[in-house]
Amino acid sequence: MSTTAPPREVAGAAAAAGTARRRRRSGPVGAPAIWFAVPAMAIYAFIVLYPSLAGAFYAFTDWTGIGSFKWVGLENFKSLFSDEQSLGALRNTILLTVFIVIVQNAVGLALAIGVHTRIKSRYVLRTIFFAPAVLSSIVIAFLWKYMFNPQPDAGINALLGFFGLDFLQQNWLGDPSVALWAIGLTVVWQFAGYSMVIFLAALQGIPKELEEAAAIDGAGRYARFRHIVLPLIAPAMTINLTLSTIGGLKLFDQVFAITGGGPGYSTETLSTLIYKQAFVFGQYGYSTAVALVLAILVSALALVQMRYLQSREVTY
Amino acid sequence: MLGRRYRPQTFGLELLMIGVGLLFLYPIYVLVNLSFKNPQEISEASLSLPSTLETSNYSQAWSGASLGAAMVNSTIITALSLVALIAVGSFASYYLARAKSRLSYGMYILFLLGIILPFQLALVPLYKVMKDTGLLGSYASMILFYTGLQMPFTIFLYTGFLRALPREYGEAALVDGATHLQSFTRITFPLLRPITGTVIILNAVFVWNDFVTPLVYLGGTPNETIPVVVYQFVGQYVSNWGYIFAAVVLASLPILVVFLLLQRYVIKGFASGLKG
Amino acid sequence: MSTSGGRRPARSGGWGARGMRHAARALLVVALAAVVAACGSGTQQNSGGGGDSSGGKTTLALKHISGTDQTALAPLISAFEKQNPNIKINASFAPTDDLQTSLRAQLGGGNAPDIFVVWPGNGSAMAVQQLAPTGVLADLSDQGWVKQVPQNLKPLLGDKGKTYLWSPGMTPIGAIYNKKVFKEAGVDKLPTSWPELLAAADKIKAAGKIPFAVGNQTPWVTQLIPYAIAPSTAFTQDPNLAQDMLDGKKTFSNSGWRTVYERYLELEKKGYFNPSPNGTTFEQQQAMVAQGKAAMAVQVSAVAPPITDAAKNSKDIGLFPFPANDAGTDLKIPAGLGAGYGVSANSKHPAEAKKFIAFLAQPENAATYAKENIQLPLTGGDNADINPLLTPFVPFVKSGKTVPFMDQQWPNPKVQPAHFAGVQELAAGDTDINGLLKKLDDAYQQK
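Residue numbers (the working numbering), protein chains in the order written: chain A, 1 to 316; chain B, 317 to 592; chain C, 593 to 1039.
Don't read these hints as lab results, they were simulated from the structure. A hint or two may mislead.
[Stated by the list, open to error] In silico SDA-like pairs for lysine to any residue, Cα to Cα no more than 20 Å straight-line: (1) C:LYS1039 to A:SER86; (2) A:LYS70 to C:PRO725; (3) C:LYS885 to B:GLN356; (4) C:LYS1039 to A:PRO231; (5) A:LYS208 to A:TRP181; (6) A:LYS208 to B:LEU481; (7) C:LYS1039 to A:ASP62; (8) C:LYS907 to C:GLY884; (9) B:LYS444 to A:SER68; (10) C:LYS1031 to A:LEU80; (11) C:LYS885 to B:LEU481.
[As the list claims (entries may be wrong)] With the C-beta cut set under 8 Å, the calculated list includes, among others, these residues of chain B facing chain A: (12) GLN356; (13) GLU357; (14) ILE402; (15) VAL404; (16) TYR411; (17) ARG418; (18) MET423; (19) ALA438; (20) LEU460; (21) THR463; (22) LEU465; (23) MET467; (24) PHE472; (25) HIS496.
Fair warning: this is a prediction, and the values are worked out from it, not measured in the lab. Where a beta carbon is used, it is the ideal one built from N, C-alpha and C, also for glycine.
Please model the complete structure; the sequences and the hints are all you need to start from.
Next comes the structure, spelled out in structure tokens:
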């Protein structure tokens, strides 16, 4: 469908009927009506906002998840801040998130640039890079646990040995100083293609003429990347950085399925703590309090990050 | 990369990317490899190909889990959720991206809150609401759920890209007297094709693989989705990983096909839309 | 660049006639989508919650754990439905963790299935002694099969004298072993005491094989060796240990539990474990024994069949009681009641639900179920047909030389996870026995 025809025809039809309309709207065009957003807000409020608010109420109770409960005010929040397990979990959560945000997006961007070229295998490659995101976390967890075999003649260690990289062999999931990064590696593998897809959508929106013009003017590849591509894919950068930050802070499935928080507590994150409190310890009220604190933390961080990133976007 | 010609450096890049592709493919190779092995060979954990193709894994996975019926359920729920998300979400994003007012910004933040809020908060209250409205066990409960749940993410994607979209095209129509509705549906929305394709594939993957909520809402009914039936093969002590992997491979194929097809559509649509 | 309508407030948004038309169109689209969705809802079934009666047929909703329980239950459901044409059972199965999450959500939402999985004793969020006080379980004390349950086990099936669940049977923990590895290492006789066990392990190690495959990376595996050692040590010193701890007379630090971990570390320090036990998963542990790289794996009986399937020669795999006893003293084994079935207190069809449980509890059915699940049946009667793997364990049950899984007698759900993490830390050398015992006590004391 061509996009050039409509304006003129619509204009023609409107002109006859709408000179009065045109005059009422002085200046450039008005903004769309709020009705555009009402259906979305309605469904969202019904499914997410109202139940979350109702659920948040339990943070001020001692509900176990079943049966009756008592109001306890801020008790849960007080215990949270004096609990040393929470501090360890917070540390792990932040470390893991930083790793994921940096590595996943760097790899995703590199992949996107690599497949946004003339190479013949680009469609197949895009599917290959995206394929891990299609698998569910439980399956991925099992696959990687399989490959993270600590024996030197199995899994990844065997591959490293084959390439003569014996010194890189690890007790991947049993060594507390390695386990968290092993989880990070799994997540990057799973979602680099996801980031790639979003970057790709932005790369496809950059008119080729811009880059060609710059090349003709003598700009090298790096200069073209830094001054044309990077600014124009800023929205994708914002989206990817924001999503991976939020996703990293909330990460649950992979951590729980791969290590369950172990060995010991070395890979315990805030999300696994929240889950265990609610469904393993039967302390739903306390768990909700922790969840609320996490949500506030994430919101604050995400908001700041987003405002910064959006101020760097080129908008029209 | 510039230029329409396939040059030597392009070939070098091709080799590099294929190498990276193989690295990425390795775990998936393990998955598919294991799906064709019997329990002894799975236990041996060797990287070699299976000595005999255990296709019974696939037939057992298909019949034992009633995978066919589950695929139909998953497809219906995913497709309808996507339609709702795109229709409702893109419209909302148009408002949020174009109307620069306190109200629209406030609404935008309110939507973003949804990406941040943990799943546990709403779990029990929403379940109660679904029970009270009698929707439990039906497709409608899941479609409503996913539309609401993924709305923030969808709006986040659309709004982000709408902001960067040149307004001139849409505004030209508006100045000529078109309504916002017409301008959006005929001009702006088609220009969003790359992002719509992205919205489709990312949301589809989430809905397709979601496990806990369908287990709670649809468990025990004929409307169970794929993850619910596949994980029945996972036991505490005994799991037949051959069946599970075969089921996973089968379940992943539709989504991968959709992804492959979307690629060409997205690019084709965009390229033709911008000309002139 | 300044935004359109930036200088004009709300007016430019079009709240007039045109706005109404937009709204109408938008709402129509959404309404249509909703109608299509609702119509296309396939068969409207009442999921998870209480079943319904339509046309004289009662439907029961049942949720239980996947795995062998599922394969054991399926034929029994068919048989029951044949006997009772007016009752249909909609069964749903899932792995333990996810099942627990979904069931607690349903219980919290007041919409539990008619029949669902309940664990015996205490010590976990879905244990009968945690659930019963909240009133979500129906009282089964008046059911006929309750009389068939051995007296010493009855308390674990309920709370405060009442019975709330039926369990298919007892699962012992033993040493799954590879007969070929034993033979090649020169171990001709199965060890029956701690010194004999150490001697056998020495021979195996000398033959270049791993005596014990330990899969501590999977949290629940960590508890198995302590559970296997405790009955012959801590619970022989004090047969009433569980109750003494509940009464506050003994604690982890002040009891035979110390001996348990001393023996655990003895095994590790002598090099009888595989390298990196904390990095080895449950599946890798099984593979080691199946492939003959390791001689033994201390595991629950239910794990023997998958190892047998994975072995090159299925006859190579066997099961024997783990001897943690000093020479000359009695060997006691850990044998815990398996996950069972309870009835929802809010069920709309309690009679039918109880009928199904009574059906399961019948001796032939209970025996069939337990055989599939590698358990010793609870209500299987005296002549029950037992899975041959369990033959070595029958004498222990008959003579009462068993101890229930210890977590089933711990007062809250926090102790067991602390145990998992603590054993991992102990095995890695990140904590010592005192540290571990203290952590366990701390968790035990919490509400």
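Against the structure, test the hints numbered earlier, and report the numbers of the ones violated in rising order.
4, 5, 11, 12, 13, 14 and 17
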